[in-house]
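Trainee: The residues making up each chain are set out below.
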Amino acid sequence: MGSGRLYLAVAVGGFRRYATYRAATAAGVFTNTVFGVILVYTYLALWDEKPHLGGYDQAQAVTYVWLGQCLYATLAIQGGGAEKDLMERIRTGEIAVDLYRPADLQLWWLAGDVGRALFQMLGRGVIPFVFGAVFFPMALPTEITPWLAFLVTLLLATLVSFAIRYLAALSVFWLMDGMGVNQALMITGVFFSGMVLPLNAFPGAFGEIVRVLPWAAQLQMPADVLMGETDPWRAYAFQAAWAVVLLAAGRLVQSAATRRVVVQGG
Amino acid sequence: MSDEAFIELDGVEKVFDVRKKTGFLKRERRQVRAVDSISFTVPRGEMVGYIGPNGAGKSTTIKMLTGILTPSGGRLRVAGIDPSRERTRLAHRIGVVFGQRTTLWWDLPLIDSYKLMHRMYRIPDARYRENLDRLVELLDLGALLDVPVRQLSLGQRMRGDIAAALLHDPEVLYLDEPTIGLDVISKSRVREFLRELNAERGTTVLLTTHDLQDIEQLCSRVMVIDHGRMMYDGPLAGLHEVGESERTLVVDLERELPPIEVPPARVVKVEGPRQWLAFPAAESAAVLVARVAAEYPLVDLSVREPDIETVIAKMYAEQAEQAEKAGSAGNAGKAIS
Amino acid sequence: MGETSASGTAETFGGSRAGEALRAYRLIAGMWIRSSMTYRTSFVVTVLGNLLVTGLDFVAILLMFSQVDSLGGWSLPEIAFLYGLSATAFGLADLTFGSMDVLGGRMRDGSFDILLVRPVPVLAQVAADHFALRRLGRITQAVLVLGWGLLAVDVDWTAAKVLLVPMMLVSGGVIFCALFVAGAAFQFLAQDAAEVQNAFTYGGTTLLQYPPTVFGKDFVRGVTFLLPLAFVNWVPAAYVLERPYPLGLPQWAAFASPLVAAVCCALAGLAWRAGLRSYRSTGS
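Protein chains in written order, with our numbering: chain A, -18 to 247; chain B, 2 to 338; chain C, -15 to 268.
Just chain A, same shape as in the assembly:
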């Protein structure tokens, strides 16, 4: 199909764009590796004090850390993916050009973000993960099925991650400035995705809540599926539900926003 090829081209463009920044990618690999090492030590101390915290053993906690470093840029957990460019285009009014393109706005940006995510995964995510696997004990499955299930959850995680950031970016239609939204994205992303601590180690009722928020679909679900801590189908259902809800919300807000642009005359 013609339109399928269009979005594929957009995705390839997203991949290529990030691939041109070689030094920046190398710098990112280095930084993620250093942070991984620091976090691993603190987690080991924590799990030393309280074995089986959140149902993980030490090797699983270590695996979780390196997976977090691997997905940090891939899922733009702290922000900094397609939504950054989208906000800028809304702010400058260039978005009007995008609206006249014979393509779906949301799909267009999703395609670009998927391309970016794929590059960040291969170029920036894999190396710290391999480094972790070589120098620290990890709990990685030896058969192929959990890895395939893991790939499915990654794909769904990419969708949820994009949907959250797309919604945030659209708010700039009303706020006219992305500063505050970016900060909110950063705080919620880092905290509720479980970058500081696995969500299943969060205490009490607070833990119950954070584990059903959409951010749980980003790092916690793929990690649990890879390490066999949860039923893959349950994870898929959870992620897919959030993806559908958030992407639909994105479409709704998008149509309100475009009406606004048309009324204002671009």
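Hints should not be assumed to be uniformly reliable.
Beyond 10 Å from chain C on every Cβ pair, some chain B residues (computed) [to be verified]:
no., residue
1, R34
2, N55
3, E138
4, L153
5, L254
6, P298
Estimated spans, in silico, between C-beta atoms of each pair [claimed, not checked]:
no., chain 1, residue 1, chain 2, residue 2, range
7, A, G36, C, G206, 31 to 37 Å
8, B, S73, A, V107, 40 to 46 Å
9, A, S236, C, V28, 28 to 34 Å
10, B, S303, A, T1, 43 to 49 Å
11, B, A286, A, R82, 44 to 50 Å
12, A, D29, C, L231, 18 to 24 Å
13, C, G206, A, L103, 26 to 32 Å
14, A, A237, C, V28, 25 to 31 Å
15, B, L146, A, T1, 38 to 44 Å
16, B, A286, A, K65, 52 to 58 Å
17, B, E201, C, Y23, 38 to 44 Å
18, B, V300, A, V242, 45 to 51 Å
19, A, Y2, C, W141, 47 to 53 Å
Read the hints as simulated data drawn from the structure, not as lab findings.
Each residue gets a CB set at the ideal place from its N, CA and C atoms; glycine is no exception.
Following the hints, complete the assembly by docking chains B and C onto the known chain A.
Mentor: Chains B and C in isolation, oriented as in the chain A frame:
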């Protein structure tokens, strides 16, 4: 004595090491002579145009003159100072305007940037006020002083930048593409100001440009650089001769006619009643126009200047040709280094 | 020569280079503060945001302590003390030198050249570039945690121990400043690689928020002798809290932080000069 040669370059060179990828993980080191043994002097108070195609070495020369870059060889003095060794001392005596980069503060009113210059250059209060008033008047900035820079048009911002570079009474002003992207009115305003500045203050001006009209209207002297080498240094008229460049006269006649005949001009293109005539740049356009008007039913006309790229391309081709001739004497390819 | 009023006064006043640099820093930082004030709501939002983002590190520690009573053998107040010292010292450096990562971008778009034709030290201009008061958010949360840590730790305060606290903040801040400058110098080599310095600066402050007993011995050796982060808080804090020194360092090491900071500054200064020299010879 220093007045005679305010800017002095003697065999100045700038060699860059360029690493080029030639394959996977394979890199080739290559030396590029951005500026290749250039010598010239500029006396105090002269206005000089410095031209050449992109990548010819213009910016590299300006960067060496301002102390940003250290030359790889040769001797360079501005106001008796070695720019690369005493960059901050020299900074008080020079003004620099980079056409596409502003020194002004984007979110703040124009006047705030000037206040910063006042304090950063330690300009005495009375002097600052006097200079500011004069610059505001000449560059017509009065209504813009309280406007945030981001709201200024390109032309307004360029005028603002020029004023910022002159508040501390520099003895020499370097302008890198001062009229790039400006509309016709802004261009002529900037040129008029530079002429006045030069006449009134005796400020030495060195400007790089792509616009031959800048040179034509401002500079008595032009230097052409290509591939890091000085190709020409002299008056503009001489450049046209050397470059054998041609101007174009576009005439609109009352009706379609066969190609008209007014030697030495020759018709290069006909489109309905409009005809394009090429004639040597050194020839007077007025004489030619008078003849066309006398002999043909003329409705309208315009004269088009040759652009620098064409002039230089011609010059370059000619040099290469000469080199080839000399090459038969066993010296092949030396012009192209 | 030098008769023009402008250069004449500059030479009269410009007695010390450091004074000149400080003055230029103040001037430029002032411009950035005024620029940020033109977007007032954004400013308030970003100060609050900065406070929250940087506070997350401590929230993570609190979450851990909701599950355990000690980490690496250290109690929560003791770790709060470590955290407060590290984060405040880093916050001070972040406020004053924290925007140096824009240097690479300035070289790429050519605006770095504009800084080079001004009559004031380049390092001061780069350090003050994009000066942002929103970074007070980090210092605020750090000082709050430090205050609580000071009140909550069980310490017999002596004059030496009291004195060590401000000493740690100042020397620690200076050590982090030196890291920022070294990171900036690195950008002369690799303009796109500004993020590398994050590993040392942000990574540094993060690791110092946890006790040295948490980390592997070789790792602690590295951040004591190679990259002397341990002198920001670990070593002096061990004296204050009367805990064993990491790596069995001698007693006097607790008071060596100012010296370490001075050496870091000297090295960073050399790196900066080398970087600037290479830029001026290659133009990139």
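Trainee: Would you mind marking each hint as holding or not holding in the structure?
Mentor: Right, here's what the structure says about each hint:
Under the 10 Å C-beta cut-off, the non-interface status given to B/R34 relative to chain C holds; the minimum distance is some 13 Å. The non-interface label for B/N55 is consistent with chain C: the shortest C-beta to C-beta separation is roughly 14 Å, beyond 10 Å. B/E138, annotated as away from the interface, keeps every beta carbon of chain C farther than 10 Å; the closest lies near 21 Å. Even its closest Cβ contact with chain C, about 15 Å, leaves B/L153 beyond 10 Å, as expected for a residue assigned away from the interface.
Non-interface call for B/L254 relative to chain C: holds, since the shortest CB-CB distance, roughly 48 Å, exceeds 10 Å. The beta carbon of B/P298 is kept farther than 10 Å from every beta carbon of chain C, the shortest such distance being approximately 53 Å. A beta carbon spacing of about 33 Å between A/G36 and C/G206 agrees with the range 31 to 37 Å that was offered as a hint. Separated by about 43 Å at the C-beta atoms, B/S73 and A/V107 satisfy the suggested range of 40 to 46 Å.
Taking the beta carbon of each, A/S236 and C/V28 are about 32 Å apart, inside 28 to 34 Å as hinted. For B/S303 paired with A/T1, a C-beta distance near 44 Å keeps the hint of 43 to 49 Å intact. Between B/A286 and A/R82 the beta carbon distance is about 48 Å. The supplied range of 44 to 50 Å therefore holds. A/D29 and C/L231 have their C-beta atoms about 20 Å apart, which keeps the hinted 18 to 24 Å range intact.
Here the CB-CB span from C/G206 to A/L103 is close to 29 Å, well matched to the stated 26 to 32 Å. In this structure the hint that A/A237 and C/V28 lie 25 to 31 Å apart at CB holds, the actual value being about 27 Å. Between B/L146 and A/T1 the beta carbons are some 42 Å apart, a value that agrees with the proposed interval 38 to 44 Å. Checked against the hint of 52 to 58 Å, the C-beta distance between B/A286 and A/K65 comes to roughly 54 Å, which is consistent with it.
For B/E201 and C/Y23, the hinted distance range of 38 to 44 Å is satisfied, since their beta carbons lie about 41 Å from each other. The beta-carbon spacing between B/V300 and A/V242, approximately 47 Å, falls within the hinted interval of 45 to 51 Å. Checked against the hint of 47 to 53 Å, the pair A/Y2 and C/W141 passes, with Cβ atoms roughly 51 Å apart.
This entry satisfies every hint, going by the numbered hints stated previously.
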